[in-house]
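Chemist: Residues per chain are reported as follows:
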Amino acid sequence: MQGIAKQDLNKVLETLSGGGAALLVPMEIDGVTRFARWEQGAKTALGAGNTLLPPKEALFPQNEKVFNYEMSNEEAKIVPSAAAAEETIILGIRPCDVRAIQALDNVFLTKDYVDELYKTRRRHTLLIALGCTQPAPTCFCSSVGGDPLQAEGADIMLWDLGETYGLEALSDKGKDLLKKIDKFMSKSRGKKPAAGKFSLEVDSRGIAEKLHNMFEDPIWDRWYQKCLGCGICTFICPTCHCFDMQEKHTGQWDGYRYRCWDSCMFQEYSLMAGGHNPRPTKKERLRNRFLHKLCFFQERYGMLLCTGCGRCVRECPVGMDITKFIKEVSEVSLNE
Amino acid sequence: MNSECCNPLVPLPGKIIKIVDESPDVKTFHIAAAEGKPFTPLPGQLGMLSIPGVGEGMFSITSQGPDHLEMAIKKVGVLTDSLHDAQVGQPIAIRGPYGNGFPVEKFKGKDILFIGGGIGLAPVRSLIVHCLQNRGDFGKISILYGARSPEELVFKEDLFKNWPQAKDTTVYVTVDKGDEQWQGHVGFVPAYVEEINPSPSMVLLCGPPVMIKFTLETLSKLGFSNEQIVTTLEMRMKCGIGKCGRCNIGSKFICLDGPVFTLNELEGLPPEY
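Each protein sequence line maps, in turn, to chains A and B.
Residues in the first sequence are numbered from 133 upward in steps of one, following the numbering used here.
Residues in the second sequence are numbered from 693 upward in steps of one, following the numbering used here.
For the record, the hints were derived by calculation from the structure and aren't laboratory data.
Heads up, the beta-carbon is just placed ideally off N, CA and C, and yes, glycines get one too.
Hints are supplied without guarantee of correctness; some may be wrong.
[Said to hold, decoys possible] Cβ-Cβ distance ranges computed for the label pairs, FRET-style:
#: 1; chain 1: A; residue 1: T413; chain 2: B; residue 2: K913; range: 27 to 37 Å
#: 2; chain 1: B; residue 1: K913; chain 2: A; residue 2: G383; range: 56 to 66 Å
#: 3; chain 1: B; residue 1: N854; chain 2: A; residue 2: A216; range: 44 to 54 Å
#: 4; chain 1: A; residue 1: Q194; chain 2: B; residue 2: K729; range: 30 to 40 Å
#: 5; chain 1: B; residue 1: G801; chain 2: A; residue 2: E218; range: 49 to 59 Å
#: 6; chain 1: A; residue 1: Q378; chain 2: B; residue 2: K729; range: 20 to 30 Å
#: 7; chain 1: B; residue 1: K729; chain 2: A; residue 2: K175; range: 53 to 63 Å
#: 8; chain 1: B; residue 1: G801; chain 2: A; residue 2: G383; range: 53 to 63 Å
Please work from the sequences and hints to get the whole structure.
Modeler: Written as structure tokens, this is what we have:
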């Protein structure tokens, strides 16, 4: 296997970010691990497990302008915004978050309409994934079809081999990029590491099919009760992609329309003009979120909308644990 | 429909070119873009209409002309309040068409009963107009419409003048509560359906949820099968293109896979609307 010495990491990062590409790597900023633009001298958090905030923001920003408008008595002038077409490298993204990007690709790039802003960013983004040798206590990617060491859909795979990072190109884009850092590469003695033991495991096989028949099941009456409706699960989720469209006035007659992340856990999400809300309480909202993750998305796109990153399990203030939910569902007997 | 070239969330600029008062809280807006008709929807399809600076909302397209679209809109919120305050010439922005539209092929050659309640006649009207414009393609047409009171009836010129004069077309109008001038039928839509005891091959039903619920029970009692009944659903929408998430019912998105469903299709979905 090819490898780069850890002591050369800064030089490799410098080379990768040369030529103007935005190089996003895990860093700790004000106590929060997240992907941020690497600059000379910045300290990476590659060894700190997965980041608290997923890298989805690089492809799907929390706020994104769609167009500017200028109103007059005669006309509405609309000036579309172009997505930034900056070359971007996301280095250190974990396999669960690469799968999350595949889910986002399904949403934004398929089913009749292509989301232009997402497509532009995606086309200019290269993924260098870092395999996970030691799953965190809240990690469960292997329980929902993922592989902690291999990220299908990444351009380059990295593995921490101790003194070196082993690497392998998975795409042509990845091969081309490796040529840029050729001089730092040497034959590494290490081989692809083995996965560490998961402390969180659950059998999710057949979950979508089973949940399809559990819309009216009493399980929801138990599960929604402790939910605070705070929305943190959707905020930190690498696959949550719901958005709102809002307007910002910059003057009396002009402004812009933008989209921003939204959360299905909020009441306004499905509240209609006139006051009707088809999901009026936390019960319906929690049910919709779990069914979307574990049933509806599977039915629509052929994959679960949960990649086992464990962020919601770790951060939920009342300890809502989707793996426990999956386990409970598997124990329900449907008498039909 | 596949918009590879440009951002599908960006609307076309246009104007309100005519406003028709339908009832105290419903107006029909005629919309044109700078280059004429913004797009050519199928009956039952939707459009995202906005006043930049106020907001954007999804509305059914009631009808269309060679150079314009028509949307009958009830005053229920921030955007619709602004639309109701607007004058002819008001600049707007519009995008679409969205949704599947009515299964026109399924209706061809058939006797059809249209049932509308309140503003629910707005989406129904697009198919009625289509059928009357292509009269030879369809069998007998019956139209049953109900509103809460005589002043709340929409499309009065169609109901009392244009449609009754059309070939092989019968119009039934009812109100929940009449007034001194009202000479017509008084009573709820489901009861009126039962009274008429119709026998069409296809039924198109749109209206408030409670009316739909009880009318479906009546239709079932009269022996109609789920495959004969078509209706429309409504959910909050933001993107209109199946990305923003909120208009799902089960794994279907109302903006893409709807708003039109046969009762058979509806029965395969969770009852969350």
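Chemist: Which of the numbered hints above does this structure break?
Modeler: Every hint satisfied by this model.
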